[in-house]
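Asks: Listed below, chain by chain, are the residues.
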Amino acid sequence: MKMKLSRKIYSKDALLIAAQVLSTKVNVYLEESKSDYTVTIEAKRRDAGKEQLEALAGEFGNELLNQEYRFLVGRFNSKISSLIVTQTLMAARGGEAPAAAPAAEQTPEFRKLVADLVKNAEAEVARTMPRKIADQGTVLPPVKEDAGV
Amino acid sequence: MSRLTEPAGVLEASPLKVAAHNARTVGSSVLITNDVGEHALLSPADYARYLAGKHETPELVKKDFVRDQHEFGHLADRTVARQLLDWKGPNVHTIVVTLRCNFKCLYCHASVVGEERTDKDMTVATAKSVVDLVFQSPSPNLMIEFQGGEPLLNWPVVKFIVQYAREKNKHHKRALHFGLISNFSLLDDAKIDFLIANGVSFCTSLDGPKDLHDKNRIFLGGNSHESVLVGLQMVLARKAAGQKTDTPNAICTITRHSLGRSKEIVDQLVALGLERIQFGPLDPIGFARKSWGTIGYTSAEFVAFYSEALDYIIALNKKGVKAYEKMALIFMVRILEGGHWRFPNADGVARLAYDHDGSVYSCEEGRLLANEGDGFFKIGHAATSTFTDLLDHPTVHASLLASNSNAQPMCFQCAYNPFCSVLPVYNQGTQGSVFGRMPENGWCEKMMGLFDVVFTKLQDPEARKVLESWLEYKSR
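Chains R and S supply the protein sequences, listed in that same order. Residues 5 to 153 (the working numbering) are what the first sequence spells out, left to right. Residues 28 to 503 (the working numbering) are what the second sequence spells out, left to right.
One chain only, chain S, in its complex shape (with noise of 0.2 Å):
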């Protein structure tokens, strides 16, 4: 995979027809992108043409292409749009209620304890703290996500944020959302009775099939595999029997193991009737770190494999199997869209996560990290700590430095700028600092071998129609 970003033997462009662009070989086109997230696909012979000042269509001159024809209200209105991020306070807000787990997942980030350790439980007065700092932000929207260890085994201190931020709601008025990430081995019918009552919509994992799930998710005392199935059908059965709830979430962790067998998780996942594919790659920190050796992979390697996934998943749309995946979807938004649609960073500014003994992070992954011994992304504490005093920490000023790609090396210059992100917390974690060394960096090798993959796909007319086709899942 090439990590050069633009053609080579391009040296002089003209300078009255041709307007700031990163430019890179895709496929057997040219990419060019500039600052307000415009894209155009052209033929070399084209994009030599143009950097001549001889190519000058319609679509070159609408998508700011063209330094002659700029509009600059319109260019400047682009701008602020795509530049000056309206975040309107953090929104998704990430609470660990336990580190108990009845789980020993190969992969498992958090670093867990035995199920009789409740000394690791958020208790009922932290988790009160937890979500008056919660409704501390501005945020018109907020999601509160149940994390662990597995949160079930902290079912009462569940129960009580939902009906404490239910009742909180009632004058704050927000649009209030839940989400449980859970292993389903605990869920009943009277949980899922509450939980479909107050709105919470359910998230699993779900590797693929029974010899790799089992392989990656070891359950202490049980079958990890058929408790997840179990979980799945239940929740469905209710959303069949018109329960207002959401189709739940499975996402499929990618370990070495499911390198090469891309198919049978897909099909796994659409069998239950899940249109939604989500694949989770490993990251070398916290947890992961540990079992690198055995369950890691290169970047190419998970390249290659989303790349043959995402191939089966356009030919099953094109059989009119209802299936779409997550990573795409999210890029379609930004590509075809202009949107930041779920931003991956701006940890601090956009979510929020708190640890079960009421410290704060400015990310879950700045969280994992503390576990390792690095507590640079811990800035507060839920019972002491105000949201502006968050917001004031130093580590939140430089994570969002960090996340600015226009003051990074290498990525202001990358044709792919305006659809990828910096992840701050990847580059503390693997390179020691929150701004990273690009040429070097395994998230940055990964997302431009992804963008490679999408921008190939949308080369081929067929492969476009589906991708495009995917769009209207982006609000579900």
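With the rest of the complex left out, here is chain R (with noise of 0.2 Å):
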């Protein structure tokens, strides 16, 4: 399916990153023109018929849309927002200067008391766990709604 979209109106900044949100259900092809973008949308699905290619078609220019649109809000906020991720991540990690690990963790005391809790940990899962371990790669399928207790 192929949309003939405007220079004017749509970017190619917002062309790239709706292409990207959807690359896991379509491929795009993207060409460009002095006045246009033709985008070419296929669906990734082989078995995709008329109607979910239009939907995701659609799809495609909500998020297009979707693009444009956090480019503008961008351009109103984008100090405050940077501002606010900067000042959590800098809040979360504890300031410029983190505290390094208390030094009554580096005793022999303190290694011998977490060496003795791991090989009694070990211990009691050697004692306690079942000895059968399945094939690997056996996740269990989804349970059948009717298959009640």
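Simulated from the structure, these hints should not be mistaken for lab results. No experiment lies behind these values; they were computed from the predicted model shown. C-beta atoms are modelled at their ideal positions from N, C-alpha and C, and glycine is treated no differently. There may be inaccurate statements among the hints.
Stated by the list, open to error - Now the in silico label distances, taken between C-beta atoms and shown as ranges: (1) S:GLU495 <-> R:ARG11: 51 to 57 Å; (2) R:LEU57 <-> S:GLU328: 27 to 33 Å; (3) R:GLN56 <-> S:GLY100: 56 to 62 Å.
Stated by the list, open to error - Some chain R residues close to chain S (C-beta under 8 Å, calculated; not the full set): (4) MET5; (5) ASN81; (6) THR132.
What the hints assert, rightly or not - Derived PhoX-like pairs: lysine-lysine, alpha-carbon spacing no greater than 20 Å straight-line: (7) S:LYS186 <-> R:LYS116; (8) R:LYS6 <-> R:LYS54; (9) R:LYS123 <-> S:LYS346; (10) S:LYS155 <-> R:LYS116; (11) R:LYS29 <-> S:LYS317; (12) R:LYS116 <-> S:LYS197; (13) R:LYS54 <-> R:LYS8.
Need the complex rebuilt from these two chains, each delivered in its own frame; the hints are there to steer you.
Replies: If you want it as structure tokens, here you go:
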């Protein structure tokens, strides 16, 4: 399916981001002339019919509008957004100089205590865990709804 | 349910009198909100007069809705307090000690494996690395939550994590809490002794009456509903006997089978003496997506269920029953106290999740997406990553940017913006990007519907009195 989009209305950045967002569902090919972009959309599912392809093209159009709208909002709010994110990350880090681990954790007494805890836990695992391990890759399938107790 | 954010027909506003705000018609009133988290409910006539610069009450002035009466010092303080959040590092750490489970729930988000698959258990060595990483967070409060699978299937590692974390905390001196999220089927007196002695709180799932619960939550080789009730009663008996433990929490997951049965569900929880009622709506991500056709529902259906349930809980309160609804309490804290209490976003900064193999995710739902093949939220490994590595991960930065509703199309114009939250993992799981597309976003539709319900109830003086009284539960 092909869509012709005016370069006066849509930016290349928004087209590229929209294509990336939907990259698990569609392949998007982009051509450009002086006045327009021509977008070709192919469904990744080979069995997709005309209706599904139209729906995917609609979703691409919505994502494109969403990205243009985000650029618009970003022009108003990018400074405060950047400030909020930077401040949040710095606060979460514990400031510019995060506290070091307590020295008490480096003592032989603490190390022995931890080694004993590990040894006891591993012994309990060996003592109590079931021995049988099934073949790998047997994640349970979804259960049928009417398979009640 | 209308997704329009502003009352129809509003075009002009007095530039000198009307401060920046968002508005929405809710019930018979117009709700106005501003960036510092204040709100006011006006009649449509008063709102029209306010826009014309002719409605200037002390409440509107105090709440910074009148432009020529701004006190800029106050406004700046409120803006900083509200926008520049001081997270102090992740405090909620979800540890998946095993993927094994003895239940096979219809909606289980986790991709569980059978009981014999001990290769899907967290090892003691990995558990040690995880605890070491947890304590690298500078947060003064640390909450370690055990999840699975069924965490009690790897009981030795649960015990080890509690013991090791407590030993470390003798030097770190944080406020350290533990929570066990379990189906209770393997709970016994010895385990309860250990858990209570070490300050571990209990949380389970109880989806309502027996037929409903057993339909949702299938116990391989037992009675699902009975095992939860027995476990709850064992813990409640310890509390009644004076042992120091919180009332166990029972989350009620809402499936399609729950719709129309809100009163029975609430009655079940109230009859057990559980004051906290918490509904867990399903999201079409993770394992639930696969069974969405049979157990899923629209956002509008969930909102209708919630409205009916909230009406019933408020009616019970008026009769003297002590019970509150958790989501409404969170909303009350945000709306009435300006708090961002338990904000669900800020993934990687406020919370982290650790898989059984030591992989670290910025949130638990991100781990579930990884089980489906989308590893976007994996930000490190407990054995090799430092805490600052995790914070520096591009996923954490992208999630934070996406969480900021001031930068989100539609959100920044929404009257519920000060109280709501963007959920990047939902956006990624349903729409392919952490930023999402709000006009088609199910989370957004659900949240707007829930806020409509709550703000409608707040216009009823008796219901408002009940909702305000729930604030006393916020510290529990």
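Asks: Please go over all the hints and tell whether each is borne out by the structure.
Replies: Do the hints match the structure? See the list:
no.	hint	in the structure
1	S:GLU495 <-> R:ARG11: 51 to 57 Å	holds (55 Å)
2	R:LEU57 <-> S:GLU328: 27 to 33 Å	holds (30 Å)
3	R:GLN56 <-> S:GLY100: 56 to 62 Å	holds (58 Å)
4	MET5	violated (19 Å)
5	ASN81	holds (5 Å)
6	THR132	holds (6 Å)
7	S:LYS186 <-> R:LYS116	holds (18 Å)
8	R:LYS6 <-> R:LYS54	holds (13 Å)
9	R:LYS123 <-> S:LYS346	violated (56 Å)
10	S:LYS155 <-> R:LYS116	holds (14 Å)
11	R:LYS29 <-> S:LYS317	holds (17 Å)
12	R:LYS116 <-> S:LYS197	holds (15 Å)
13	R:LYS54 <-> R:LYS8	holds (18 Å)
Hints 4, 9 from the earlier list are contradicted by this structure; the remaining hints agree with it.
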